[in-house]
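Construct all of the structure, not just a fragment, from the sequences and the given hints.
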Amino acid sequence: MRVLALVKYVPDAQFDRHIDPATHRMIRDESILSELDEYAVEAALQMKESSASGSTVVALTVGPEQAANAVKKALQMGADEGIHITDSAIQGSDALATSRVLAAAIEKAGPFDAVVTGLSSTDAETSLVPAQLAERLGLPLLSFATSVELNESTVRITRDADAASYVLEADFPLVLSVTDQANEPRYPNFKGIMAAKRKSIETLTLADLGLTPEQVGAAGSKTVVVESAERPARVGGNVITDDGEAGLRLAEFILAQKVL
Amino acid sequence: MAFSLVYLEAVEVPLSATALELIAGAARLGDPVAVTNHAVTPDVVAALGAAGVSGVVVPEGGNEAAQQNFLSFETELLAIALSETEASGVVLPNSVNGKEIAARLGAKLEAGVITDAIDIAADGTVTKSVLAGAYTTQAHVTEGPLIVTLKGNSVEFVAPATAEDPDLLEIPVEDVKPGARIVEVREKAESGRPDLTAARIVVSGGRGVDGDFSQVEELADALGAAVAASRAAVDAGWIGHDLQVGQTGKTVSPQLYVAAGISGAIQHKAGMQTSKVIVAINDDPDSPIFEIADLGIVGDLKNVLPQAAAALRERS
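From first to last, the protein sequence lines are chains R and W. The numbers in this note's numbering rise by one with no breaks, and the one at position 159 of the first sequence is 159. The numbers in this note's numbering rise by one with no breaks, and the one at position 157 of the second sequence is 157.
What the hints contain is simulated information worked out from the structure, not anything from laboratory work. All C-beta atoms, glycine included, are put in the ideal place defined by N, C-alpha and C. There's no promise every hint is true.
To give a feel for the contact side, a few chain W residues facing chain R, derived at Cβ under 8 Å [to be verified]:
hint, residue
1, 3
2, 107
3, 184
4, 255
What follows is the structure, given as structure tokens:
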């Protein structure tokens, strides 16, 4: 089995993140492998481990030079190969253009059984890309998996939506997106970190994928952000200590809000 | 006036508040035409007409193919409806399913998709809240139809003075892209409480409830509020994941958010800091949640919540 795990290098959500007021694009300093992509890498590794020997996991990213770090982390976790698509023209791509680049990169990467992603990136958080990839690649999509069960030629997942939960099934090849409920990502151990140093990352440009700069970035996107404004920071209000009657104060406060 | 499409996941009489909001959102872009993936009764058509919908589109012969092509069937249905009506935009619910259909439709038509909208202007400008509520942005599509998923509780529905008499159009849906097969659907039990993402008031519990959500539920019921939880409470198995608020759960923006026994990790704040008013109850005075709370109470939630619930019940 050959599984492609998609990973993204994103601004660390543990810190305050900012948008450049001139370009309306996110400032991408202090980035890391998206926390939600660790679940994708783990799911891919588990698929490999429950399959025949010779199975491989390929970690694939699209992003600037530093984005190779996201692939490195996946290699340390146990992925076998890395592919890094980098080209300055890609910057500013919306989900539609990003999925175009990823679909081309996946086709270039050769035959595969599954493409595994996280439930969304932690930067734009649209969760559009997995479905757009399925549509572009003409493959079934198993999305928002809270559990993944691998059978001989099919994958079965549970998926939690708003009014119902679903059990879904699809045959290989397929696209799979996993939530943070699906597994517990492993930490890279010393052996994994040392082994990753010997693994190579293939770096490709747009031209290698047969794409032109007009098909990506702002030119290849169909959405544009025209304004961005930082919300004023919330200021903490009154803090009281319960003297035995704080519940009454709480009730009065709620009544004063006139929300009932 | 151009048409706009509104995708409704479930349509029943009376129309849900969510359905009415989506219709109101679509009406900003044009004369709304409702699209749904199942057959509808004359009652439903009449109710949609009363809400200002001028046409209703359903798949011919029901939606059996949808079982074998999860959400790619609905994508094809919308693509055909869009081409038949030449609508200027499609408004979908900002649900897991709604966003997935929007994504597929965007890729199929090479059209721009904007998710998590909190407002839609007549010129197609969409307002959304990004980076966990830290920024508000305005975006639009550069060409073609606008595909937008609208968050609940964000636009107001006002019933039109005159009802429409909508035409019902049954269209054949063919050449559906391969999708996943539905093996089983488990409908969720009705809690009797308002839906979390649409609720005006949310009472949420965290690690501090120590396995017992009864006091959180008691206050929620005294307020007619939705119940929610932090990731810590969900991971501990005290409450279902679908009630989780935070970066990997739901984003809520109610009039009032009551956080009980929640410390206020950045991932939790990401899901609730656009609430209008925030109240926090925690026995640790150093909890970061107090930095964003309009009212903070340092105390034991097991005393504070029942006392508040009793007082509120007395007043009502």
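Results for each hint:
no. : hint : result
1   : 3    : violated (20 Å)
2   : 107  : holds (4 Å)
3   : 184  : holds (4 Å)
4   : 255  : holds (4 Å)
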